[in-house]
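For chain A, the structure is supplied; the task is to place chain B on it using the hints.
2 protein chains.
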Amino acid sequence: MTERVDGRKLRYVHRRGEMLRAATEHALDHGLEDLTLRKVAQAVGVSHATLVHHFTTKEQLITEIVEGVLAETLAVPDLPLDHPDPLREVWRRATGAEGRRHIKLFAAIIAQAVYGDPVLRKAVASSMRQRTQLIADGLVLRGCPRTSAQPIATSVLAAVRGLLVDLITTGDEERVNAAFEDAVTELERRLAELPGQGA
Amino acid sequence: MTERVDGRKLRYVHRRGEMLRAATEHALDHGLEDLTLRKVAQAVGVSHATLVHHFTTKEQLITEIVEGVLAETLAVPDLPLDHPDPLREVWRRATGAEGRRHIKLFAAIIAQAVYGDPVLRKAVASSMRQRTQLIADGLVLRGCPRTSAQPIATSVLAAVRGLLVDLITTGDEERVNAAFEDAVTELERRLAELPGQGA
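If you read the protein sequences in the order shown, they are chains A and B. The opening residue of the first sequence carries number 1 in UniProt numbering; numbering runs sequentially from there. The opening residue of the second sequence carries number 1 in UniProt numbering; numbering runs sequentially from there.
Excised from the complex, chain A in its bound form (with noise of 0.2 Å):
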């Protein structure tokens, strides 16, 4: 066993993932405004010591947890490239309880980063860029050209932010859902219509 080899490295190790997971989890609970080191201290039942120790800057924690939050948001892991019908699977994952904790966070990360936090807005951008890159590979592998695929891919990633901000902050199940529905059924008919598609 691995714990064996360097248990002293490894409870390190545990114990600062568990701080980021359990900072994470305030986070996702009240926003970044009210995240202060001795607050996340509190909840995580550590001393602001501890904290300082691992992290030692609030802004270090607070980019920790943006990456592990905008990794998660708007993706599925271990959602395959092939996936038949990758669209819907992550508006599922998304509009669920934990996606809509999710998602508010990342809307207060933009917000943040917008206004100038450059470290944030760097984690930010990056992860949109991969994100469109990953839909954009898997138009392409259903057959979409090359040149429209990273078009499509920036307005349908687009347009699912947009309707996950519509749908948590109207609460509109029915208008949002139906869009949602409305528009992966336009990009079908587009697809279809590509050459050799055809039935």
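If you're looking for bench data, these hints aren't it; they were derived computationally from the structure. Cβ atoms here follow ideal geometry from the backbone N, Cα and C, with glycine treated the same way. A couple of the hints might just be wrong.
[To be verified] Some chain B residues near chain A, calculated using beta-carbon distances under 7 Å:
{"id": "1", "residue": "49"}
{"id": "2", "residue": "104"}
{"id": "3", "residue": "110"}
{"id": "4", "residue": "179"}
Structure of chain B alone, referenced to chain A:
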């Protein structure tokens, strides 16, 4: 002149409007997080007491700022419903320097709304529904059936909001503009294929 009728009342009204405009400018520059009555009073050049006299609480001031910004964002004042190319006009305006400042503050408003500020959430929800209805009405004018107009309007608005957020966080002008152009072209194609719209 009206000013002669009740100069005192009018000065009061003017002064309140000026303060609100100055406070909105402060929010556009710095976001909502940093918005305290004390800082706004300083930025506006009035006493804290004067600001409290006019707006009572920070929440009241924020509500009024938000209502103004939501009315401005993603809207072109006096854009007629039968404008030949309303979406590109909205996009042109929103991606300009002044538009981007509004989008940033809009992102901050959304973040604060989703973390449970009920007044903000209500303002955002009502603004989203109104804006959606306006687009849906425009689509119906162009021959779109009422049943399709609402889902299309909902996802068009979501896509535009999502693309603007992509643009201000990544700065990828070329990729995002191409996505917008692709989405509008697809929408135009869809509307042109409606029964009775043939060439």
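Each hint, compared with the structure:
no.	hint	in the structure
1	49	violated (27 Å)
2	104	holds (5 Å)
3	110	holds (5 Å)
4	179	holds (4 Å)
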